[in-house]
Structure formats: structure tokens, C-alpha cells
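Novice: Join the two chains, each given in its own frame, into one complex according to the hints.
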Amino acid sequence: MRQLKPREDKALSRSHTASWELGRNSNPRQSVSPKEPRILTASLRAAVPLQAPRGLHCSAAATAAGSSDSWLAPPPPEPQKEPTKALAFHEELFQRAPEGTRDKADFVRAVQNFGQHNVHKRGHVDFIYLALRKMREFGVERDLAVYNLLLDVFPKEVFRPRSIFQKMFIHYPRQQECGVAVLEQMENHGVMPNKETEFLLLQIFGRKSYPMLKFVRMKLWFSRFKNINPFPVPRDLPQDPVDLAKLGLRHMEPNLNATVTIYQMPSSTDTTGAADPAEPHIVGIQTPDQQAALAHHNPARPVFVEGPFSLWLRNKCVYYHILRADLLPPEEREVEEIPEEWNLYYPMQLHLDYGRSGWDDYEFDIDKVEEGPVFAICMAGAHDQATLAKWIQGLQETNPALAQIPVVFRLAGSTGELLAPSSGLEEPSPPPPEVQEEEEDDQQRQHQGQS
Amino acid sequence: MQATRMAPSVGRLLRRLGAASSRPSVLLGQPPLGPARRPYASGAAQAVLEKSDSLSPEASTRENQAKVESKSFAVGMFKGQLTTDQVFPYPSVLNEEQTQFLKELVGPVSRFFEEVNDAAKNDMMEKVEETTMQGLKELGAFGLQVPSELGGVGLCNTQYARLVEIVGTHDLGVGITLGAHQSIGFKGILLFGTKAQKEKYLPKLASGETIAAFCLTEPSSGSDAASIRTSAVPSPCGKYYTLNGSKIWISNGGLADVFTVFAKTPVTDAATGAVKEKITAFVVERGFGGVTHGPPEKKMGIKASNTAEVYFDGVRVPTENVLGEVGGGFKVAMHILNNGRFGMAAALAGTMRGIIAKAVDHATNRTQFGDKIHNFGLIQEKLARMAMLQYVTESMAYMVSANMDQGATDFQIEAAISKIFGSEAAWKVTDECIQIMGGMGFMKEPGVERVLRDLRIFRIFEGTNDILRLFVALQGCMDKGKELSGLGNALKNPFGNAGLLLGEAGKQLRRRAGLGSGLSLSGLVHPELNRSGELTVQALEQFASVVEAKLIKHKKGIVNEQLVLQRLADSAIDLYAMVVVLSRASRSLSEGHSTAQHEKMLCDSWCIEAAARVRESMSALQSDPQQQELFRNFKSISKALVERGGMVTSNPLGF
Chain A
1096 MRQLKPREDK
1106 ALSRSHTASW
1116 ELGRNSNPRQ
1126 SVSPKEPRIL
1136 TASLRAAVPL
1146 QAPRGLHCSA
1156 AATAAGSSDS
1166 WLAPPPPEPQ
1176 KEPTKALAFH
1186 EELFQRAPEG
1196 TRDKADFVRA
1206 VQNFGQHNVH
1216 KRGHVDFIYL
1226 ALRKMREFGV
1236 ERDLAVYNLL
1246 LDVFPKEVFR
1256 PRSIFQKMFI
1266 HYPRQQECGV
1276 AVLEQMENHG
1286 VMPNKETEFL
1296 LLQIFGRKSY
1306 PMLKFVRMKL
1316 WFSRFKNINP
1326 FPVPRDLPQD
1336 PVDLAKLGLR
1346 HMEPNLNATV
1356 TIYQMPSSTD
1366 TTGAADPAEP
1376 HIVGIQTPDQ
1386 QAALAHHNPA
1396 RPVFVEGPFS
1406 LWLRNKCVYY
1416 HILRADLLPP
1426 EEREVEEIPE
1436 EWNLYYPMQL
1446 HLDYGRSGWD
1456 DYEFDIDKVE
1466 EGPVFAICMA
1476 GAHDQATLAK
1486 WIQGLQETNP
1496 ALAQIPVVFR
1506 LAGSTGELLA
1516 PSSGLEEPSP
1526 PPPEVQEEEE
1536 DDQQRQHQGQ
1546 S
Chain B
3 MQATRMAPSV
13 GRLLRRLGAA
23 SSRPSVLLGQ
33 PPLGPARRPY
43 ASGAAQAVLE
53 KSDSLSPEAS
63 TRENQAKVES
73 KSFAVGMFKG
83 QLTTDQVFPY
93 PSVLNEEQTQ
103 FLKELVGPVS
113 RFFEEVNDAA
123 KNDMMEKVEE
133 TTMQGLKELG
143 AFGLQVPSEL
153 GGVGLCNTQY
163 ARLVEIVGTH
173 DLGVGITLGA
183 HQSIGFKGIL
193 LFGTKAQKEK
203 YLPKLASGET
213 IAAFCLTEPS
223 SGSDAASIRT
233 SAVPSPCGKY
243 YTLNGSKIWI
253 SNGGLADVFT
263 VFAKTPVTDA
273 ATGAVKEKIT
283 AFVVERGFGG
293 VTHGPPEKKM
303 GIKASNTAEV
313 YFDGVRVPTE
323 NVLGEVGGGF
333 KVAMHILNNG
343 RFGMAAALAG
353 TMRGIIAKAV
363 DHATNRTQFG
373 DKIHNFGLIQ
383 EKLARMAMLQ
393 YVTESMAYMV
403 SANMDQGATD
413 FQIEAAISKI
423 FGSEAAWKVT
433 DECIQIMGGM
443 GFMKEPGVER
453 VLRDLRIFRI
463 FEGTNDILRL
473 FVALQGCMDK
483 GKELSGLGNA
493 LKNPFGNAGL
503 LLGEAGKQLR
513 RRAGLGSGLS
523 LSGLVHPELN
533 RSGELTVQAL
543 EQFASVVEAK
553 LIKHKKGIVN
563 EQLVLQRLAD
573 SAIDLYAMVV
583 VLSRASRSLS
593 EGHSTAQHEK
603 MLCDSWCIEA
613 AARVRESMSA
623 LQSDPQQQEL
633 FRNFKSISKA
643 LVERGGMVTS
653 NPLGF
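Protein sequence lines, in the order shown, are assigned to chains A and B.
The numbers in this note's numbering rise by one with no breaks, and the one at position 424 of the first sequence is 1519.
The numbers in this note's numbering rise by one with no breaks, and the one at position 181 of the second sequence is 183.
Chain B on its own, in the form it takes in the complex (with noise of 0.2 angstroms):
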């Protein structure tokens, strides 16, 4: 109780601070987006920030350039390149002040969450504690990004991703409320929302006032926006829109008041005249009459959070609450997504920060066979690799917020690989933490298989880590292909492009003769990493060779390759990662860090076994005539077992 009267003072405390640091961090905005140059990956960056006219003349035409040559590592990797700009050295955006205004909230949000939060309590309740969303209400917790003029905080990314570190690390289910409200619910908003709408809603939403919820997936409508039900006829008058339609699993849906709904609404094409659906963006709220929301669904994890199925019944939306323009919606879903995501991987970091805390606790206490167990091998290892998926991921949350703080518009790939590769190590990571706890691990009273049960989720939903993987092996080939086609256009007139063909004919020429590209990371990366740097550069070689392999192979028809897609995007995660931790390593070796030394051990054994997973996975990928025949054999049993409603063989006994 104590605790909970504290809070308000913190909240105020925040919201002058944040009063404070709202000018640099407008200054390391950007304009709101530009036409979209690619569809799913045109940065639509944390256009948290609306003043784009502050922006000097040098920052437009980096912008310009960027547009014209991705800096993205990521994109850059799939062409054979390596790209630093974006990830050497290890980015530090914060500036003094920005640091400084941190430091003071880290404290009490920890505090809050270690003294007020009861996550045990919330998940056997199946909803967060009525003084829990208060005193966040009061930290100011539901406004993080908001600007502050808007009554916010006004955090850039990484300030957020810092803060939801902290939430991660404490309560998931906590996590999921506060994601699915300024995450996704109203980051429409504050992306595509003009400043009517900006003013109307995000003081309120800011302050907590009013819970928002993004409302996208519908029964029949998971990935597939084609098949959305869910409608909007526009008013004869032309003055609202009629909503109708359900929406399933609606985080939050059961406490919103604000909802981001995405429908079909028919829109004319200027040129032919054809009336299409295309789908729209709306903000809708629940004053607006007809909307109503079903009981709380039971679910495996993130109890505490509320979802919720939610029904338009005749909604009637004023046309300036459309978000984004009439038929833009799609767009409007996927900026909202994209910029999510770094988000997940933050939180995923802190959690596992905690889990392994727990893992180490148990390890150094139990005693087994008269020797504390952390002294057997098997425990040394599982916590060593817990230890190394952690840093991996925290190093790519903070490197993917730090480049979307610095204006980068091509942060897609890293995000959706942040979001995949932290989901998956922070399931290792806990489920390894059970399993050195042994049968304690398996009990309630630790904690830890409520957080194995909240993280099953975070594979799952904002794009299946499968859906994701294609994403991140496709949007890396569109670019590869790009380049394909560059070199094309560069043939017809040969003189004019003497230059950029010679140097694509001597880099083909070193690949047939085995030389390499003559790509290296010395320099860049501090001399004591410098062997895990070739072993990065040798994976990516030959990552880019079979990549531009598969697409002279496939072509168009990579998109339905899945199973190849598959093994590009791991090889793509496993590099990203290398580079990432290699990044970090280097940073904390030249500034001389007191843990330098042990990030190095991380680093390197994290860039032995990724290098040694993407050159094996490569090499089958490029040469190995068992892997056609395995693929082949997937398909066959797949399709038996269909065809059998389950398993084909019977039991061994004969009945």
C-alpha cells in the first residue's frame, strides 16, 4: 500500500522529466513516411514525432540516399555485402540528458514492479490488479511514446524498449496489456493519425484514461487480409461509415474504450472506375453505440492480460475518425506491426534476465552427490548458452531501437528477426531454467512455468515465427533480386557502367576461384574478436552465394519454396546475430568494460556455433542431393497423414 501511494509522485516526476527531454528527441526524428518504396518494408519508422520541419537539410538528403541504397545490415547480407553503417560500432543514440532521464525512471518502474506487481497473483486472477493499473496509469506507463505535449512521457524506442525490458523481466501478462495498448492499439495514432485525431485521443490514451486495442484478426482472417469479413459502407450522406463485423482474440478488447479496427470498405479506382474492397483503418470508440465485446477467453499464458472477442454491430464511424487514407489500411497494419515488434524482443531480454537469475540461484544452492550441481558439466553448459541467447537477443533489441532512433527506414528484416530469434531463446532459455531446477522448475511456487506458459504466445501472434521467417528471407531476396536486375539495366549500356560491372565480374570471378570477396570486418571489429569476424565473413559469403543460387534457380517461384525460405532466414537470424554480439563485444572491449572480457567468451562461442550451423545448413542447401529427397519426403508424409486424418502407421503390436 505504501508502495502504491508512492507511485503518483513517481508518475508526476515522469511527467515533467519527459516534459523536459521531449526536444532532442524530436531532433532525432524523422518526416513522416514518404511514399512507400516497398511494400512490406517501407520504414514507417517511430513517426512518434510530428515536427518534421525541424529537420536540417543534411538530414533530408541522408534520407534521400538512404531511399536509393538500403543501409540495412540485413538487406545488405543477402546481396553478399557487408553493410555496417547501421551496426558498426555498436550504436549509442542517447544523449546526455536522454541517459540521464532514463537512469531516474529505471528505479522506480523496478521498484513498482518488485514491490507493487504481483504477477503470481494477476495470472491466478486472470487479470491485472486493480492498484497494479493504477499506480502504471500514474507512472505514466500507458503513454511512453506519446509526446509529451500530448501528455506522454515522449521516450524515443530505445528509451521504451529499456523500460519494457523491465516490464518483461517482472510480468508478461503486464507486458501484453501495456503492448497491446500503445504497442499496436493506438500506434495507428500516433503513425498515421492527423492532428485532430492526435489531439482528440492521445491525452487521454496517454494518461490511461482510455485503454486502446488493435483489431485486425477475424475467424477466417489471420495473415490473409484478403479474406477480412468485417465491413464499412460509407453514408450516402458521406458523412460516417457503417461498421460491421467480429474480431477475435482482441487484446485488451474486453477494457477498451479506443479501438484501431481494420475493415473492407469499396473504393472506386480513379482511373477505370472499378469499385474494389480494400481494406481501411478506423478508430473507433466504444461511445460510437453497437460495440460490444465477449467474456474474457480462456488461455494458456498471459492470463492477467484480457482478450477478448469484440463485435461491430452497426458502428456508425465519423469519417474523420478514418486512419491513414480510405484504402490504405493494409499499409496502415503493416507500419503498426513493423514498428511493434522491437518491442518483443526488449521485453524478451529482460525476461530471460530474470529467468536466469532464477536458474543461477537454484544452480549455486542445490547441493547434489556433495558438490554444488552448478560445478557439473551439463549445468555449466545449459546456463552458458542460456547466458549467450540472452545477450544475443538484448544486443539486437537495443541495436534495431537504436537504428529506428537514428532514422532508419529500413529496419524490418532485424525487427521481424529480433522478434524471432528473442521468442525462441527466451522459450530455450526458460525451458532450460526448468529443467535445471528439475521438479521444483515443474512446481508453481517458483514462478517460472508461468512464465514458460506467457511466453509460448510470443512465437504466435504478431506474425507466426514461421510467417515471419518468409518474410525475412523473401523481403532479402526482393532486394537481391533488385540487384539482379540493376546489373541488367547496367548491361545494356556497358560503357556507362565500365565500373560497377568490372567490380561485379571480379567479385564473381574470386567466388569461382575460391578467393572470397574480399569482404572483412578487421578494423571494424576489435582485433581480440578478430578470428570470430572471419568466421562471420566466411558464413556470409556463402550465404549470399546460395541465396543468388536459389534465385537464378527458382526465380519467381522462391515464394513457394518454403522449405528453402525456411533455411535462409535461419542462416540469415544466425548471422544477424553474429554480427550483432560481434558489434556489442567490440564496443565493450575498446571502451574497456569490466565485463569486456566476458563478453568476448559470449561472442565467440556464440559466432563458432552460428557459423558452423550456417555453413552446414548452406552447404546442404547448395549441394546435397539428400536434401531434395528429404523435402520430398516432408511432402509425401504430410500429405499421407492428411490423407489418413492422423497417423499412417499403426501400432507396432498390430492392433
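Isolated chain A, as found in the complex (with noise of 0.2 angstroms):
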């Protein structure tokens, strides 16, 4: 039981951000941080924050959004500790569905119960909040139906305000936090309310409640910000890890030119990849871009193997190595430039200088950050040498220069921490262990912000 609870608070804040943490950080430079994502729905979620962030998490910026929000409502008493009284007689709904097999007629079922048992609908309150809790459990997080049939439970037009000063005051405000749960709930896993919903609603809680506003707020916004994401992310990611590398690669480098190569594949399939780790697969991408610039590298200078670094891809985490260079001093740079005596008719160039407003900062801009350039990107089930060095051998065929220019290897941190929970990954896991895998992936968050 105790362990139980920390891990699914957990997996609802995990859902916050799954959403939107994705494809941003296409450039392989950029470490991935959690924090924008959740800058970005902090803004958009409206009224209860389910808890206080942790770990990474906690940003400034996201739980002063939150706190702002939550004039709307109070937040919610501590879910740990409040329903823990009530759950024991609830649980029992969910639990009597045989383990392994659970699935929407189950759930819904253990709903149905609830009504058929308790036909005053006492403590309907908590069954609803250990309802979403649940939802996951069952697969059904993403259900409009089920999201409906949870409000129904709701007794109709009891918590309606009827005067003017219930509705000055918020009426019944426990209700009105767990409808807006609800909603909230299904706004991290990205249901779009329907006409139903906001019929239950109008029954539940009237027009001036608190639920019909997130209700119109997320009718509002989600049409808005449908499409906000240029990158999305499938929604159900490939098990495969080879398949998984390539869907994150060729996130990174949308270059449509560019060429994915699996230069080793996982010596067998059946077994967990973790089994055998001689024979990690190696999968990298490159744009003929690269290659070019590979190819002018001058082989005086070395070129790094950097890495890993993180990349999200929804609740999933993979590691990618990159080979780069650094910066050309200044003075060895070649400056390729169009002879002023060239065209006899027209100019090939113009020296265009745009006016930028006073107020600009002249010494920042983003398209003249330098940074030495990147050749290649690579994922690979182990992120020790030997492994990078077969990556570096495969792209040698390809980049014959490579053979002359020295490689040296900067592998942050000790790999053998890094390989752990990586291992996890590869494995094709069923549900249950998905929730350990998180609890690693969130472990290793914590890593790299300490590191």
C-alpha cells in the first residue's frame, strides 16, 4: 500500500509534461530540461494542482504558475493522506477483477458497482479520486466515455447553486475540486470534452461553477493548441529500441536528406536486449551536410565522441551520443567570399544591414552563438567505448576523412550508472514494470540534475 501511492502520484505528474516535453528538442546540443515543457502546461492548466512538483521538476516558474492558479480553488486536501481512510472500502471495487486481465469492461463495471452499492452515493467524492488514480491501471486514462461515466456518478442538481450567494460562494466546494480533477485529468491525457460532458456538468454543477469554466477553458484552448507542437510524437511509441532510436534520431535531425544507419543490430531479439550486452544496436544518423563538413575537417584537429545526453520521447528516455569538433579559431577559418567583381550586370550580393530597434540587445543573437560543428548522431543500447567505437568504425566507410582524424572520447560521467537504468529500457515491458521503469527514468532525471 505505502509503497503504492508516492509512484502514482508520480505517473499523474509524469502525464503533465508527457505531452509537451517532446520533438522541442530537436537540437542535439541543447541538453534536455523538463522545466520549458512545464512552463508550458503550467500556463495552461487551470484550477487544482494536484501536488507539488518534485525533483527536476521543481521550478520556479511552474509552481508560481500554479500557485496563481489556484485562487480558482483551493487545493484539494493532501490526496495521500485524505482518502487513505476511505480507499480501503473502494479498493476493493477495483481489486476484484482478476490481476492481469484488467481492461475497460472491468473498470467500468467497478463504477457501476459503486452506484448499484451505494445508492446515496456516499463518499462518492473519494471513489471518484481513487477512480482517476486508477484509470491508468485499466488503460482507460485516455477514454471520453469512461471520463463521462466518471461524472455521472456525480448526483445531479444537488450541488447546483440556487441563490445568488451560493453562487458568490463557492457551493459545495469539495465536489466542484473533484470535477475539475476530473477535467484536469483528462486535460493531461489530452481528451477533448464533447456535448455530454457538458451536459453532466450543467446537471452536476450549473452554468457558474467552477468545472464548467475549466470546462470552457479547455473547449477553448485545446482547439487553440492542437497543432502547437511542429514535432509531434506518436503517441504510442515503438517498443523496439531500434525503431525507438531511429523515431528519436531523426526527431533531433529533421533534415529530410539526412540517413539513418543501423550499424549493429541487437544480436537477438526474443531476449532482453539488456542480456546480451556485447551486441548493443547502434543506430546513427547523418545529413550529407555533414558528411561534407566531415570531409573539409582539417585531420590536425580532433573530433569528440560527446554523450549521453537525454532526449524525452514521451514517458520514455533514450540516450544519444554525438560527434562533433570544436570551433575553428578565427584566424583558420575560411571566409568563402563572392568576388565584388564578378557580375558584369548585376550584383551577387548585397550588403543589407537591418535596422534593429534601440531597445534590442545588439550583443546576443541566437544565430551567432558559435559552437564547434556536429558531424553525427548516434543511439546505442551501451554507452561505454567499445560500443562508440564500432559506431565511429561504421561511419568510416562513409567518411573515408575519418580515418585520418583522431577521435577522442568524452563520455560524461561513469557509465556504468548510465547503463542501468538504460538497460531497463530496452526491455519490452508489460505495465506493471512500465511504473518501476518510470521510477528509474525519474531517478536518472535526478541524476543529471545533480550532475
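It is worth saying that the hints were derived from the structure and are not from the lab.
Treat the hints with caution; some may be incorrect.
Stated by the list, open to error - Straight-line Cα separation of at most 25 angstroms, DMTMM-like style, residue types lysine to aspartate or glutamate; simulated pairs:
| no. | chain 1 | residue 1 | chain 2 | residue 2 |
| --- | --- | --- | --- | --- |
| 1 | B | Lys278 | A | Glu1426 |
| 2 | A | Lys1199 | A | Glu1293 |
| 3 | B | Lys558 | A | Glu1436 |
| 4 | A | Lys1341 | A | Glu1492 |
| 5 | B | Lys558 | A | Glu1465 |
None of these values were measured; they are calculated from a predicted model.
Specialist: This is the structure:
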């Protein structure tokens, strides 16, 4: 029992960020920080912040935004403590289903059972909180009908404010918070409410209520932000680590000319990838431009293999390495100049210096931030030097110049520590271990944050 | 024969008159080039006149101002400004004396071409008849712009344009011979030559005793100056250069004795000490030895003119024959070309005049279905369009030449526009003339097919129209870009530049609010043309906003957006044409010319159509998503063709 609770919290908190944090970090040089998406979602989140962010999530922006929302409705009593007493009873409803085969039908039956057993719907708020947490276990967290069913648990007409004073002050606050919590979980999973939801909310809380306000906001912003992510990540990620690596690499390098090469397939697919560390998968990506840049690289200057850097794809974290070089010192840079006296009839280049406003920062220009070139990116099943050396060998086939260039491995941290969590990733994980995996991910994040 | 005998006396007359008229034209001039402000548009103007000291102080201050802000309408157009100084009112630069002199010239020259020269015979012989050449020399036609003290006629640009128009009306082959000689052949000596060079070469060139040619094009180098292979190596003693290389398609190459040759010379950079290959212009005489030429080329048109390859094999060119500075040949070439273009528009205006006369003659005499064909709507439209095109070209040619005579330095865009427009208008007019004449037009006898063949080259040489379109667009954008950056500088010191900033902010606000920029031509154009004036201003505003949007979008990359640039250039050409005809028709209306109402119709019709074209093409450029698709398709289609080495699709029959 005790073990379970914090995990569930995390599962919920993760799901906020999951839909946002992907693809935005397509630049491999940018280390993936979960803070930014958090800020985005924080502004979207209405009403009830479920719990205080933890660990890496503990960004000032997120908390500030969260608290600014809280005027709408006071935060619910600590979800960990409050429901515990009542939980013992309702928990049974969900556990009646045989282990392992939990699906929508079981969940629906559980909800219906609650209605049958409880004609007066006593404790329905606790039940709904519990059911919300249970949804992931039953795999119904993206099912609109189930949410509507949950809302249907509320007794109708009872909580509707009837007088002007009831409208002015929060009428049945605990019930309203619960309604908002349902809507919030829908939002976190990207479920768009429909007419039935609206009708239910009207019946339960009336037009002037916080759940209704939340509903209207969702209706507005969901449609606005539907396409906000220009690099959408598929909802169901491929389980195969090689496919996952391909997806991640394509995400970081959206150039369509780039070629993805599988330098090494995992030795056997039926056993788990981690079982055979000698033959982990190695998938790399390189664009023609990068190839050309590598071909022109001065062999006297070393290139570096750096990593691992993390990339989050929904709730999965993958690690990648890059092959890069240091920026050339200014004296060695060759400037390709267009000779002024080239074309007899028209100028081949324009000297346009666009005016910027006086309030602009002239010093900083993201186009002018200078860093060394990245020649290739790879994702491998193992992060040790031996594996990465195989990648470099594979790269040499298409980049003969690489044979002349010294390669320095600069692998961050101790590889062993980083290896452990990623090996867990490669396992095709059934639902219960997934929770475990996420916890490991979380640990990783904290490692990253601390290191 | 009688006519030939008449010619010498006319020639003497011209010389005498030329001498008399030299002084006023000197006063119109301006000092030779200042330091070039912009490589492609630093105005050389007509440096036919070297007496800079005769300039009044006011004139030089005026020029200084001109350098600060361009008075060119075309430059202003890209910035969304109406810079009307040069275009309104329609300039007339000739004084009483010059007009009188020109009138005395026009008669004999026209008569000469009507009575002595036989264009068809020249075309057939692929050579200008000897009697014609002799007659032209005696007329002084080989030195029209050479100052009279050096033995030329000393004409200003406007006078020159008028005479060239007559040449163009009658025989373009002869026109090319004359143009290659004086418009580009020895123009370099006029513009950049030292006193000694001028005194040595110009008298003989002006009399036609020696003929000049302009040698720039090489097998490997069309407009790409960097790939010129001809080299000139300085001798160890420093007294001469050894010139090696070959030039192709040189007009007058087989006849000329004096060549303006562009070759690469090693130039040591004073600052870094590095040796670079730079282009230098030389005056090369055939007499130096080692200059040979190939046989005359067989061509589609302008057959009467001589075109040949010229070879330079170890030619020793004395150091004093360097034209301009060593390493400054690029600038020399550009100025020569920029200065020669206005003449082409004038010649083509003349050609159109002649062709339209033929078309009208046919339309009034040919009867079909019991009616003269000029009564048919289709023929009427054709004739009307031909008249419009001629009117526009003529107005442009004289506008540009007058601006040059007024001492304007920023006429390059206008000159390029006039060349593009003239060459294309002349092609269309001649083509339509043949269409009106039907089968008759296709025959050799009426001589229209010869004109069509002759005309084709005008869209190609001295910068193909495509390349000049890029020039027009990019040169305009360059000034617009300068304005944008100027604004940025102003913003650094907002209090010191409050006026500029407020003005700009107001302009932007008005544009956003759809109020227009408050520009208006009313007061400048004749009230009867107000509607056309409004159309022009609207088109100009739309054009300027698209230019700005495109510049902000593509920034420096605009150079590579040739499809966009071409559309911008097309609209710029239409806009300039509208303003030019508005100006000319306004003058006619206010001065009460007998043809004023006719000109009003020409002007209104032109403006209606041109404004619609600008509107359509600009709105497509601005917001049509299909335009992008179109551009992409063009790219892919042409790529596929290149890959397949021809059409990609096979015959619909399948074999």
C-alpha cells in the first residue's frame, strides 16, 4: 500500500509533461530540460494543482504558475492522506477483477458497482479520486466515455447553486474540486470533452461553477493549441529499441536528406537487449551536409564523441551521443567571399544591414552563437567506449576522412551508472514494470539534474 | 549617286554646326566621375565633356545632394516614395540653339537613309554598302558625341537619341555598326581616357577613318567577369603589357582598328602585398601587331553589321594605353554599358515607328469581306497596342537621355528598364505587324521579317533582358535595404532622429490601416489624367510594400530568389512606364499639343492595363500560396528535364 501511493502520484505528474516535452528539443546540442514544457503546461493548467512538483520538476516558474491558479479553487486536501481512510472500502471494487486482465469493461463494472452498492452515493468524491488514479492501470486514461461515466457518478442537481449567495461563494467546494480534477486529468491526457460532458456538468454543477469554467477553457485552448507542437511524437512509441532510436534521431535531425544507418542490430531480439551487452544496437544519423563538413575537417584537429545526452520521447528517455569538433579559431576560418567584381551586369550580393530597434540587445543573437560543428549523432544500446568505437568504425565507411582524424571519447559521468537505467528501457515492458521503469527514469533525471 | 554626292556637303554643315553648339552642351555637363558610390550604379553620366571647371558652384552642391539622396524615380519607387524631380514635368533639356541645330540635322540624316542606304541590300550582302559607309562618315555619324574640338559633332544625349532613332527606323544593321563604334567601342576613351588618349584617337574615330570595337565577351565569359581568360602581363621594364587571348562575337571586329579590350592583369594590393588578378581596360590598335580576326559570323539578324572573333597574340600594348586605372577595368566596362543603353531604346522607338507605319498602311489598304481590315476589332486592338508600346518606349528613351543630360547620376535602373522595355516592345510590335500583314508579312519583300530578325538580338546583347531584370530588382532593393539600415541607425538615437522615426512610424501605421501612404500625383499630372495618376500611386504603394516584405523575408538571400526578383522587376518596369507616359501626356495636355487627347487615351489605356498587371503580380507574390507551389514546380520540372536531357514525357501514343 505505502509503496504504491507515491508511484501513482508520479505517474500523474509525469503525464502533465509527457505530451509537451517531446520534439521541442530537436537540437542535439541542447541538453533536454524538462523545465520548459513544464512552464507551458503550467499556464494551461487550470484550477487544482494536484501536488507539489518534485525533484527536477521543482522549477520556480512551475510552482509560481501553479499557485497563481489556485485562487480558482483551494488546493484539495493532500491527496495522499485524505483518501486513505475511505480507500480501503472502494479499493475492493477495483481489485475484484482478476489480476493482469484489467480493461475498460472491468473499470466500467467497478464504477457501476459503486452506483449499485451505494444508492445514496455516499463517499462518491473519494471514489472518483480513487478511480482517477486507477484509470491508468485499466488503460482507460484516454477514454472520453469513461470520464463521462465518472462524472455521471456525481448526484445531479444537488450541487447546483440556487441563490445568488451560493453563486458568489463556492458551493459544495469539495465536489467542485473533484469535478475539476476529473477535467484536469482529461486535459493531461489530451482528451477533448464533448457535449455529453457539458450536459453532465450542467446537470451536476450548473452553469456558474468552476468545473464549467474549466470545461469552457478546455474547449477554447484545446482547439487553439491542437497543432502547437510542430514536431509531434506518436502517442504509442515503438517498443523496439532500434525503432525508438530511429524515431528519436529523426526527431533531432528533421532534415529529410539525412540518412539513418543501423550500424549494429541487437544480437537477438527474443532475449532482452540488456542480456547481451556485447552486441547492443547502434543506430546513427548523418546528413549530407554533415558528411561534407566532416570531409573538409582538418585532420590535425581531433573530433570528439560526447554523451550521453538524454532525449525524452513521451515518457521514455533515450540517450544519444554526438560526434563533434571544436570551433575553429578565427584565424583558421576560411571565409568564402563573393568577389565584388564578378558579375558585369548585376550585383551578386546585397549589403543589407537591417535596422534593429534601439532597445534590442545587440550583443546577443542566437544566429551568432558559435559552437563547433556536429558531424553525426547516434543512439546505442550501451554507452561505453567499445560500443561507440564500433559506431565510429561504421561511420568511416561513408566518411573516409574520419580514418585520418583522431577521435577522442568524452563520455560524461561513469558509464556504469548510466548504463543501468537504459538497460531497463530496452526491455519490452508490460504495464506493471512500466511504473518501475518510470521510477528509474525519474531517478535518472535527478542524476542528470545533480550532475 | 546624286544623293551620295550631296552627303559631303551635309557633313561639312554638321561639323560647322557642331562647332557652334559645343559651348552650351558643355554647360550642361558635369565633372567626370567622383569616387564610385555604388559599384553598379555610380553614375558616369555622359562624360563627353571634360570641362569640369566650367561648372558653377551651385551645380556642384546640387550634385553633392544628389549623392546623399537619389533623385531617381526608380530608386524611390522601391522605397515607396514618389521621387518626381526627374520625371515631372517631362524634361526638355534642349535650349533654343540645340533644338535648332538638331532640326537641321534630322532632315539630312532622314533623307540619307531614305535615299542612299538600302537596308535590304545591306542585309543580303551581309555588309554595309561602301557608299553608305562613306556617306555616314561624311555626315559625321561616326562621331556624334565626340566634342567638336576633337572633330566630332558634339551632341548631347538627347540630340544623339533623336538621330539614333532615325537610324533605327531605317536600318538596324547600320545602327549596330554605328553603335558598336561609338556607343560602346570608343565610349571608354570618352569617359575614362586621358587627354593624350583622347587627342590621339578621337579625331580619327570621329571622322570614321578608324573604327572602334568593344572586346569584352569571351568563349568562357559572358557576364561573368571573373572568368575572363585574356591576360595582359606587364613587361619587366614597365613600358608595355603583353596581351594574349581571344574575344568572340565582337561587333565591328573585322573592321575595327581601335579596340577597347578587357584583360586580366596582376595587381598588387597595396595593403596586403598579395597579388590578385584584376581586370584592366586597354586601348589596342590593330597596328600594334598580333591582332587578327576571324571570318564574319553568320547570324540570324543584323547581318549587315560585322561580327567576328578577334585574337590577340602577344600584342604589345604601351602602358599609356591603359584605360582608366590598372585593375579598374570592371568599373570601366560597367560604365560603358550603362551609358550606352539609352541609345538602344531610342533606336527601337524609331524602329517601331517605321513598323507601325507599315502595319497601318496595310490595314488601310487591305480589303476583306468588303471592308477595310482596320475596321475589324482585332486589328484595331493590335494597332492600338502597338501605338501604346511605341509611345511608352519613346517616352522612356527621351526621359532617360534628358535625365542624363541634366547631370543625373542615378539613371542606371531607368536605362536598364528602357533597354528591357524597348527591346521587348519592339519585338511585340514587329511580330504583330507581321500578323496584321498576314502572309504578306512573312515574305521578304516588305522588309518586316528582316526587322524581326534584326530585333531579336536586342533582347540578348549588352546584358540579356533576364540579367538586366535582376539588375533592376537588386539595384532597387539595395537602396531600399540602405533605407532600412538607416532607420536602424536612427533608432540608436531616437531623440536625435525623432522626425524621421515619427514619419516612418506614421507611414507604417497608415499602411497597416489601409489608408495609403498619402502619396499623390495630383498637381503634377494634368487634372484630366488624375485617375491614371491614382492608379499609378496605388500600384506603387503595393509594389513598395511587397518589396519591403520580400526583403525582410529573404534578407540577403533575396539575391538567389530570381523568380521573385523577376516579378519585382516586371512590376518596376510597368510602374516606371506608367509614370513616364503620365508625365509626357501631362505635358502635351498642358501645352495644348494637337495630339494631346490622343496621348491621353494612350496614357490612360496603358495605365489601366499596367496597374492591373502590377496589382495581380504583387498580390500573388505577397499572399498567394499557389505561387510558392508554382516556383517549386518550375524547379522540379526543369530539374527533371535536365536529368533526362530533354522532355521527360513520351509521346501520348506511347512510342
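Novice: Now tell me, hint by hint, if it's right for this structure.
Specialist: Taking the hints in turn, this is what the structure says about them:
{"no.": "1", "hint": "B:Lys278 - A:Glu1426", "in the structure": "holds (21 angstroms)"}
{"no.": "2", "hint": "A:Lys1199 - A:Glu1293", "in the structure": "holds (22 angstroms)"}
{"no.": "3", "hint": "B:Lys558 - A:Glu1436", "in the structure": "holds (18 angstroms)"}
{"no.": "4", "hint": "A:Lys1341 - A:Glu1492", "in the structure": "holds (20 angstroms)"}
{"no.": "5", "hint": "B:Lys558 - A:Glu1465", "in the structure": "holds (20 angstroms)"}
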